[in-house]
Amino acid sequence: MLKLRVVAFSVLLSLVLGAHQIFVPSATGPDFITSGAQAQGAAKKEQKVTATIALPGVQVETLNPYGHSTTQIYPTWKHVIEPLIEWSWSKKQIVPILAESWSNPDHNTWVFKLKKGIKFHDGSDFTSADVVHSFTRIQKDPDSKQSSSIAHVIAIEAIDPLTVRLRTKNPDAALLFRLAQRFITNKAAYDRLGVTAADRFALGTGPYKFKDWIRGQWFVVEKNPGYAHSDHKPTVDEIVFRNIAESEVAITSLLNREVDIISNVPPESAARVTGVARIESARTINIMFLGMHTSVPQFNNKLVRQAVNYAIDRNALVKNVLRGYAYPMDAPVGPDQYGYSREIGPKYTHDPAKAKKLLAQAGYPTGFEVDFLIPVGQYNKVKEVAEVIGGMLNEVGIRAKLRTQDQDSGFAAIQNGKVGMYIFGRGSVIDPSEYLHQYFRTGVTKRLEFSNPTVDAALEAEQASFDPAQRVKLLQKAMSVLMDEAPVAWLYQYQGLQGVSNKFDFKANPGEDVYGWDLKPRLR
Numbered sequence: 099m100l101k102l103r104v105v106a107f108s109v110l111l112s113l114v115l116g117a118h119q120i121f122v123p124s125a126t127g128p129d130f131i132t133s134g135a136q137a138q139g140a141a142k143k144e145q146k147v148t149a150t151i152a153l154p155g156v157q158v159e160t161l162n163p164y165g166h167s168t169t170q171i172y173p174t175w176k177h178v179i180e181p182l183i184e185w186s187w188s189k190k191q192i193v194p195i196l197a198e199s200w201s202n203p204d205h206n207t208w209v210f211k212l213k214k215g216i217k218f219h220d221g222s223d224f225t226s227a228d229v230v231h232s233f234t235r236i237q238k239d240p241d242s243k244q245s246s247s248i249a250h251v252i253a254i255e256a257i258d259p260l261t262v263r264l265r266t267k268n269p270d271a272a273l274l275f276r277l278a279q280r281f282i283t284n285k286a287a288y289d290r291l292g293v294t295a296a297d298r299f300a301l302g303t304g305p306y307k308f309k310d311w312i313r314g315q316w317f318v319v320e321k322n323p324g325y326a327h328s329d330h331k332p333t334v335d336e337i338v339f340r341n342i343a344e345s346e347v348a349i350t351s352l353l354n355r356e357v358d359i360i361s362n363v364p365p366e367s368a369a370r371v372t373g374v375a376r377i378e379s380a381r382t383i384n385i386m387f388l389g390m391h392t393s394v395p396q397f398n399n400k401l402v403r404q405a406v407n408y409a410i411d412r413n414a415l416v417k418n419v420l421r422g423y424a425y426p427m428d429a430p431v432g433p434d435q436y437g438y439s440r441e442i443g444p445k446y447t448h449d450p451a452k453a454k455k456l457l458a459q460a461g462y463p464t465g466f467e468v469d470f471l472i473p474v475g476q477y478n479k480v481k482e483v484a485e486v487i488g489g490m491l492n493e494v495g496i497r498a499k500l501r502t503q504d505q506d507s508g509f510a511a512i513q514n515g516k517v518g519m520y521i522f523g524r525g526s527v528i529d530p531s532e533y534l535h536q537y538f539r540t541g542v543t544k545r546l547e548f549s550n551p552t553v554d555a556a557l558e559a560e561q562a563s564f565d566p567a568q569r570v571k572l573l574q575k576a577m578s579v580l581m582d583e584a585p586v587a588w589l590y591q592y593q594g595l596q597g598v599s600n601k602f603d604f605k606a607n608p609g610e611d612v613y614g615w616d617l618k619p620r621l622r
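If you're matching positions, the sequence shown starts at 99 in our numbering and goes up one per residue.
Everything labelled a hint here was simulated from the structure, so no lab data went into it. Misleading hints may appear alongside valid ones.
To be verified - Pair by pair, the computed Cβ-Cβ distance ranges are:
1. G541 <-> G373: 47 to 57 Å
2. R497 <-> G541: 25 to 35 Å
3. N413 <-> R497: 17 to 27 Å
4. K445 <-> E344: 47 to 57 Å
5. G541 <-> K445: 41 to 51 Å
6. V394 <-> G541: 49 to 59 Å
Using N, Cα and C, we set each Cβ at its ideal position, and we do this for glycine too.
All chains, please: the whole structure from these sequences, using the hints.
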């Protein structure tokens, strides 16, 4: 039925628009679903290269590009719609995409010069009006889940067709890192069609054009042959992002040549990925932690939160559950992330006796009971890790009642402050400012509802400082207080394991991102 509606809508749209040219998504779906006649006809044409990428436990839930805040979905959308700038793993710095350059006339002002000659997929020009439209929607769309990232931007102005000026309420030194995941859509299409229809056509400037989407099944893009404004040149003709939540299904699909890249390969299964495929690996910047929401009365007591930290044996989790494919964390960020220092403390070693003593001091000598949510599908071995943590907590008197939930609904519950204790991850942390504000600054989100005036002051000051050395000191001050206050128990960072078909050259990166332009088909 969805297919028929897309076809009918496309015909109607062509009649309504008349001379207005617009890209219309294909109604045929991914190439792996074709009739025999279609397959025979296709064989007569030049064979095209299709890559199929498995999305582990996450999916494109909506065609509103701002209706999500899931780290693993940003790379999917980035094939079609692009940001002004991005973080380059190879260059270790922010680089231009739609913007040509940027500057700060003062600490509250950002001016972006845009590249000339960029076209949307319908042939229309990319201009500053599109940037104003997109950032305004991120802020004001009631369904936007990205508004907090630019909440401090109080003015978005098109100075001329190729110049945009942003003004912030207060200095915001880390704004660039957040803008690297804020994508630009086509204002003219939204003006002509309205929000719902324009979302359906997903007109972007990216190296791939939107082709097809069915919730829970796939998101398909096809090569944009005219793409030329960055080094993201498309190297495959079509990419199918398939939703495969179960790791065993993903591995089987890879070995059966049904998909080309899978992520979150379980450590004990890595040796199976051989023959037609191989393992590519990199230490990730994903931060795994145990969150303790202050709606649980016991978690309003710092001694209880510290007891939880002492109860957990991080080394055992890494060695016994994750088979060594992870790194225990001793701070809110890892050594490859901005602001890390071994001096950030205090440190939490595994000490059950101390945990019991702290619980007794807090007034809970016999412990207490707490619900423990495990969102499953996205993070490797997370259920097994949580079960072992539950045993460690039970040993000191904290009786955790474990329950699992699918990744998307579990994350929604966490975002809405409905979960007492949970295990979760925060991905794409390069500069930790956004993540620290998101979880630990008073009133920003409901994920923990933790509040500490010293942390608030340090985070406010680091955000305002354009002096790198001073920013690092302020971030480290905030993180040291957080280690003492222990609103979460920082656990580990994964060694990411991705299974890759031998049809392609591909190297893993710390963000575990998979992009079509990083896939190089091998000659046969």
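Now the hints, each set against the structure:
The beta-carbon spacing between G541 and G373, approximately 53 Å, falls within the hinted interval of 47 to 57 Å. The supplied range of 25 to 35 Å is met by R497 and G541, whose beta-carbon atoms lie about 31 Å from each other. A hinted range of 17 to 27 Å holds for the C-beta pair N413 and R497, which are about 24 Å apart. In this structure, K445 and E344 break the distance hint of 47 to 57 Å, their C-beta atoms being roughly 37 Å apart.
Checked against the hint of 41 to 51 Å, the C-beta distance between G541 and K445 comes to roughly 29 Å, which is inconsistent with it. In this structure the supplied range 49 to 59 Å is violated for V394 paired with G541, their Cβ-Cβ distance being about 19 Å.
Of the numbered hints stated above, those contradicted by the structure are hints 4, 5, 6, listed in ascending order.
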